[in-house]
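Trainee: Residue numbers (numbering that gives the first Met the number 0), protein chains in the order written: chain A, 0 to 349; chain B, 0 to 349; chain C, 0 to 349; chain D, 0 to 349.
Treat the hints as calculated values from the structure; they're not laboratory data.
Please read these numbers as outputs of a predicted model, since none were measured by experiment.
Treat the hints with care, since some could be wrong.
[Claimed, not checked] Partial pick of chain C residues on the chain A-facing surface, computed with a CB cut under 8 Å:
#, residue
1, Thr184
2, Met192
3, Tyr197
4, Thr200
5, Glu201
We put the CB at the ideal spot given by N, CA and C, even for glycine.
Number of protein chains: 4
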Amino acid sequence: MAQGRVSVGILGASGYTGGELVRLLAAHPGTEVAFLGARDSVGKTMAESHPHLAGAGGLASAVLEPIEDVAGRAEVVFSALPHGASAALAPGLVERGALVIDLAGDFRLAASAYPEWYGFDHPAPEWLDKAVYGLPELFGEQVAGARLVANPGCYATAAILGLAPLVAAGLVDAGSIRVDGKTGTSGAGRGAMDPTTYSATEDSVRPYRVPRHQHTPEMERGIELATGVPTSVLFVPHLVPAVRGVLTTSYASAAAGATTGSLTECLAGAYSGRPFVRVLAPGAMADTKRVRGTNVVELQAVADPRTGTAVVVAAVDNLVKGAAGQAIQNMNVAPGLDETVALPTLGMYP
Amino acid sequence: MAQGRVSVGILGASGYTGGELVRLLAAHPGTEVAFLGARDSVGKTMAESHPHLAGAGGLASAVLEPIEDVAGRAEVVFSALPHGASAALAPGLVERGALVIDLAGDFRLAASAYPEWYGFDHPAPEWLDKAVYGLPELFGEQVAGARLVANPGCYATAAILGLAPLVAAGLVDAGSIRVDGKTGTSGAGRGAMDPTTYSATEDSVRPYRVPRHQHTPEMERGIELATGVPTSVLFVPHLVPAVRGVLTTSYASAAAGATTGSLTECLAGAYSGRPFVRVLAPGAMADTKRVRGTNVVELQAVADPRTGTAVVVAAVDNLVKGAAGQAIQNMNVAPGLDETVALPTLGMYP
Amino acid sequence: MAQGRVSVGILGASGYTGGELVRLLAAHPGTEVAFLGARDSVGKTMAESHPHLAGAGGLASAVLEPIEDVAGRAEVVFSALPHGASAALAPGLVERGALVIDLAGDFRLAASAYPEWYGFDHPAPEWLDKAVYGLPELFGEQVAGARLVANPGCYATAAILGLAPLVAAGLVDAGSIRVDGKTGTSGAGRGAMDPTTYSATEDSVRPYRVPRHQHTPEMERGIELATGVPTSVLFVPHLVPAVRGVLTTSYASAAAGATTGSLTECLAGAYSGRPFVRVLAPGAMADTKRVRGTNVVELQAVADPRTGTAVVVAAVDNLVKGAAGQAIQNMNVAPGLDETVALPTLGMYP
Amino acid sequence: MAQGRVSVGILGASGYTGGELVRLLAAHPGTEVAFLGARDSVGKTMAESHPHLAGAGGLASAVLEPIEDVAGRAEVVFSALPHGASAALAPGLVERGALVIDLAGDFRLAASAYPEWYGFDHPAPEWLDKAVYGLPELFGEQVAGARLVANPGCYATAAILGLAPLVAAGLVDAGSIRVDGKTGTSGAGRGAMDPTTYSATEDSVRPYRVPRHQHTPEMERGIELATGVPTSVLFVPHLVPAVRGVLTTSYASAAAGATTGSLTECLAGAYSGRPFVRVLAPGAMADTKRVRGTNVVELQAVADPRTGTAVVVAAVDNLVKGAAGQAIQNMNVAPGLDETVALPTLGMYP
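Whenever a hint applies, use it, and build me the whole structure from the sequences.
Mentor: Laid out in structure tokens, this is it:
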């Protein structure tokens, strides 16, 4: 291990999120990747599994190992395994001293929600209260002392960041929030599936998992954790022909007198000085393309006095701010370091 | 003019909608295109203006003429000119005996709405009441006797067809409808513009004209015309990386006891026997790709008892059911003919 | 069976080509689909297997059957099974009186070529000479009397139609032809595969199967069959981010004095009166988008006197002129009917 | 000016290449952007002109100035102006002491070639011999002492890097090279144009400027400069539905006995130790998506003994290795610094 560097392990290194973690960590001066674990592709090098990382030096030739072998080999473990896999693994790793950052949904909800929204009984419910919900812009203090971080879902990151300050300020009614989400195919992961082939996706716009997407209770819980206000959220996600990017358009009844200006000021105030939040001036429109490859969230607020509605639009790169980038941000924050290390703010455009 | 064929004129033949009208009319046995008018490209042939129509026989070599020359040369005039242009032209053509089908927004609203939503004072307000709103599934009887048809907007077609039966049945609350729209670039027309270049559009999802899109009052008026129930609609359109297709996701409070089943049955009953409406079974998801190139609207209804919300998703091809196809459907209905002539129901997929 | 209609069977109805055959045959007045066979999805209706065909009337509710059951039930059998499957099936069907049109590569080559290019020994080599290579523009007379038609590959269709007349006229050197192909994902079929997911395909341009694509010997043989001139072809296919469309750019040494004009005239003369061939005027550029959904091939010829090279560009829709459309064209030609029945020539654009 | 930093000016900062220069320079520790010049958008900030650069700190708020004002304000001037504009400007800037790196074609060819390929008489032909062709992998020594660098074209970069070592080694015949290029829309620049709208580009593959693309003589000259061997190149570029990426597939007669292995070894040897060249192992296929956002070129060589042909495929990001990245690489090399500073080698994928 290099002098003074934090040793890092990744579980699920053969997927898109795992590849993105390696891409970003390759530029991180304070860490050393000590372990790359996978369930598929064990024995392959990272460059064989992810040819676009062929230029990543030693990381390119690092060999994927069975995920079980991580124990004791890394101070920080990122788990990018599918939902359900880290619920069983993470407690043991924390007990052996690791900081675990779980990129799946296994520690984001209350125990009672898992059967309904994830389809399984949580195997370690006593750990759910110990996990910190890793949205550093809202829960940075808790993250700073955490040993187990539940890294938020991509849609939830976008929706919660846009809504929480407005709910807290009483500018919108938390009782009837409707979130319309749009995303590309990378969120579905790397495996080939019928709904996300190029042939099926080009010129196709369609909803999915209506009204049972698992980010629904995460949005409700995240806003309540941040504001103390109970909420009711209906969430309808859509697949659009894109690879990266999540855009959430949230609708809620606005408080009397709310204007586009007052909503925007509220958001700007709440995130003043936060390096990854960009609150757009009134009239500007959020765009997923501008945040692609970055850890930035773009927020846009509009009031429609005619119908008494507030609209909040949020755009993130689902693999960065919605997954790997936010996980690294949490890792940076946990020991109290500069949260921006290795995290891009300039998008590749066009 | 061929024996027994209706003579047809097109204003705005050089645009995408004009090209689509010609493509569909080329397969229509009951019409003859007698006039092709344009503001650009006058003097060019259709095949020069639209090379994909090179196989359209005589229509391919027909020459674009100034739009003013249409008078007296066609029994049916389709106006695919930009908003504002046909308001002045159409009355004179009707007075000379033509059936005018206006594909712009010039006859869709009450006079008082034009300054606010279209930015101009209507030059012929006395004609607004004479125009029939051309959604044949809801206003077929009026269309059958019309001399001036206001062909609906693409978003409005989708949203109204999905919502009107549910409002009429009291299954949803008309007072707080929120419509989230997604569309591709073809709706913006043929001209090159910065927001719809390939470079700017790939991997970009973004709202536009929030909250002032001109289809908003059209949705409110259309639902009220069909149901007698006043409505309040907030509409937020989004551009996604696609060419054809409009998908509207409409949210409204559901009546107590409403289920996905009862909403679906209501829609299926309302459109029973209608050749272009496809009400999806519960669990199936609407998809713009499936209706591409067709005059079909796909409707999907979902109730979310947890939040008391109804969601109605509608998918159309904006250039066919949302423009040229519906215009031809109106032309077919007006004299009481078979409304399906020349209108595809089988999409090109993938 | 409807009076006077030809009974048709489709093997492989659950794939993209099978779906396209049904879409096109639904508009064919002279046929009746009597059998839909599949290896997957047996027992499902066509509309369940292909939801975009829900509007296809009786065809939508027709049930997929095991492919073995076709015998004796159809006068014409289209086989859209994977390579290797119809080699064994087709002879028996022909012997029972059916006209078999094979859309795979099983009857396109000489027996000696199968081990090298398709990886199997041909099980019925005596039938290879009885099969007619179904490129109606070049072999229409043979097709008219055929009982077994080898429907050409998509790339081969494009390249051969562009090159054969120039080789026959001695305008290009057949000894050193290089064909650079570009295609979208639909040619890879309906099954989900890693290389053709949306995530892997967006913004990706890459060659594949270099230099061993199985259309290489088909191009060599097809040109020689048409011209009597032996040829040598190197073919390099590429995947680009598109769904439909094949574009081949063929390079060959040009005869002394050859000009863009003389090459173009040669092609125009060879295909004079052919309804599906569009030879572009000098300066116009072929475009796959213009022929999408049609049975048309666009041909463009350019001479470069500076380097003594001829370039021939050909564009087809791989699922129509490159597969299902050409198969129907062959069916139309075989009994001497109008070859254009049910085959579109107007593309959907944009 | 920051201590020890090189002052840099950019002409053409409002275009895509200008934006990419700023994005990359924002991460360059040895430079300070002292001047941002444009012909459009003068008076706007960079963030107004390029909203995706809103996170670029001081560069985001820097104001675009008239290009004429650069003189004397920067030690290094990048000119990303359209072809023809820098031919007149650059000599004066060099005479005032600046290192000028021209990203247009104004200093890439011999004087006699300009009327034919660029359509203008070169205004400063005496400077053409003083300019160094800025392909650091082949001409690094000359670049190290240059005052005027002609930054290569995107297609030329790809084709020359792939072919030059093979020509030098006598493995391919330089007399009959045919280069088939594929690219996305970003190379056409930021301005909206009919051929590169999303509507016209989706599902469209088409050649352009056949056979007169201006990179043709640049390829011929670049290979000859590097090898001493005169060449003859025919180049046919194609537009495909993508934003970033150039892929060139080059065909040439192979020397007797050449194999995929020997071609690959030749390339690997020629670029041994070069940080931005990735020579693929036999069987691997080049992919533009893997190099997106990076300064890397992927090279793939294949021999086809059957036809005696060598195929060389090269993939670059046209805005990075094909423009802004290579320009910065030249700037790094010119004073003898580490050529890799600020230049990514890890692509964003998917």
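Trainee: If a hint holds in the structure, say so; if it doesn't, say that too.
Mentor: Results of checking the hints against the structure:
no.: 1; hint: Thr184; result: 4 Å, holds
no.: 2; hint: Met192; result: 5 Å, holds
no.: 3; hint: Tyr197; result: 4 Å, holds
no.: 4; hint: Thr200; result: 4 Å, holds
no.: 5; hint: Glu201; result: 5 Å, holds
The structure fails none of the hints (numbered hints given earlier).
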